[in-house]
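Participant: In terms of the working numbering, the sequence shown opens at residue 7 and continues consecutively.
Do not rely on the hints blindly, as some may be mistaken.
Stated by the list, open to error - DSS-like cross-link-like pairs, simulated, lysine-lysine; straight-line CA separation at most 30 angstroms: (1) K129 x K227; (2) K227 x K119; (3) K227 x K215; (4) K87 x K207; (5) K127 x K207; (6) K215 x K119; (7) K129 x K215; (8) K119 x K207; (9) K207 x K129; (10) K207 x K227; (11) K119 x K129; (12) K127 x K215.
Don't read these hints as lab results, they were simulated from the structure.
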Amino acid sequence: MAAFTPDSATIGLAASSILAAYLSCRCWIPPNALSSVRADNRSIQIAFTILASWILHILIILSYPSSPPQLLCPHPENLAKHLFTWTPYTAAMIGTVLVAAPIRLLAFRHLGKNFTFHVTKPKQLINTGPYAYVQHPSYPTNWLVTTANLALLWRPDGVLGCVLPSSVVRFAMGNGVVGVWPALLAAFGFFGGWAVWIRVKHEEGVLQKQFGSEWEEYHRKTARFIPWVF
7 MAAFTPDSAT IGLAASSILA AYLSCRCWIP PNALSSVRAD NRSIQIAFTI LASWILHILI
67 ILSYPSSPPQ LLCPHPENLA KHLFTWTPYT AAMIGTVLVA APIRLLAFRH LGKNFTFHVT
127 KPKQLINTGP YAYVQHPSYP TNWLVTTANL ALLWRPDGVL GCVLPSSVVR FAMGNGVVGV
187 WPALLAAFGF FGGWAVWIRV KHEEGVLQKQ FGSEWEEYHR KTARFIPWVF
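Work out the full structure: start from the sequences and follow the hints.
Facilitator: Listed below in structure tokens is the structure:
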């Protein structure tokens, strides 16, 4: 039997996925040392889980349109093939990562030593780079990156389907009706957004106490999340 050679669309999707995987992992790797080793380890564990999921996802992409090897995916019948080819859905999820992740990484760069994964008192108020336009560029972008990863990689009919029983996948996806998975994804989006808001309000309190009128003027002149809008 002749060896399968991926076409240009498959290669393009795999390459885009590799870039999305790299950027997604970078978003969870602390740019500076943390005072909490536990928090540091948790972030690294999340990054490793994301990387492992992307690797499996990319290998399945490269096996399409054939079923992936049994060793790679014991239950290929559970996979939704539209997740492993170019579709509006995959383009939207990968595109979200490719747009949002660089903004978060740019925030890492401009905050420098002031950037930590927990709220601390910064030494100076940064208002350059993305911070010249929005006060909190890294939180909503990380929420977008994480939600896009969840929606593409951790669906029951995605790479998780390789190890889940078919009955569980059918139940989670709804099997013709609204399933558990859409509700879980919506709940994650809502509570993730709520957690971002709580974190933002806490950070703003720290900044106001630390910088006083300097922060208040900056807060008045710039938007929180979306330039000139909100």
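Participant: Run every hint past the structure and note whether it holds.
Facilitator: Each hint, compared with the structure:
1. K129 x K227: 21 angstroms, holds
2. K227 x K119: Given that 30 angstroms is the threshold and the Cα spacing comes to 25 angstroms, the pair holds.
3. K227 x K215: At roughly 18 angstroms apart (the allowed maximum being 30 angstroms), K215 and K227 satisfy the hint.
4. K87 x K207: 42 angstroms, violated
5. K127 x K207: Holds, because 14 angstroms separates the two Cα atoms, which is no more than 30 angstroms.
6. K215 x K119: 20 angstroms, holds
7. K129 x K215: Holds, because 12 angstroms separates the two Cα atoms, which is no more than 30 angstroms.
8. K119 x K207: 21 angstroms, holds
9. K207 x K129: Status holds; Cα separation ~19 angstroms.
10. K207 x K227: 17 angstroms, holds
11. K119 x K129: Cα-Cα ~9 angstroms, so holds.
12. K127 x K215: 9 angstroms, holds
In terms of the numbered hints stated before, the structure departs from hint 4 and from no other.
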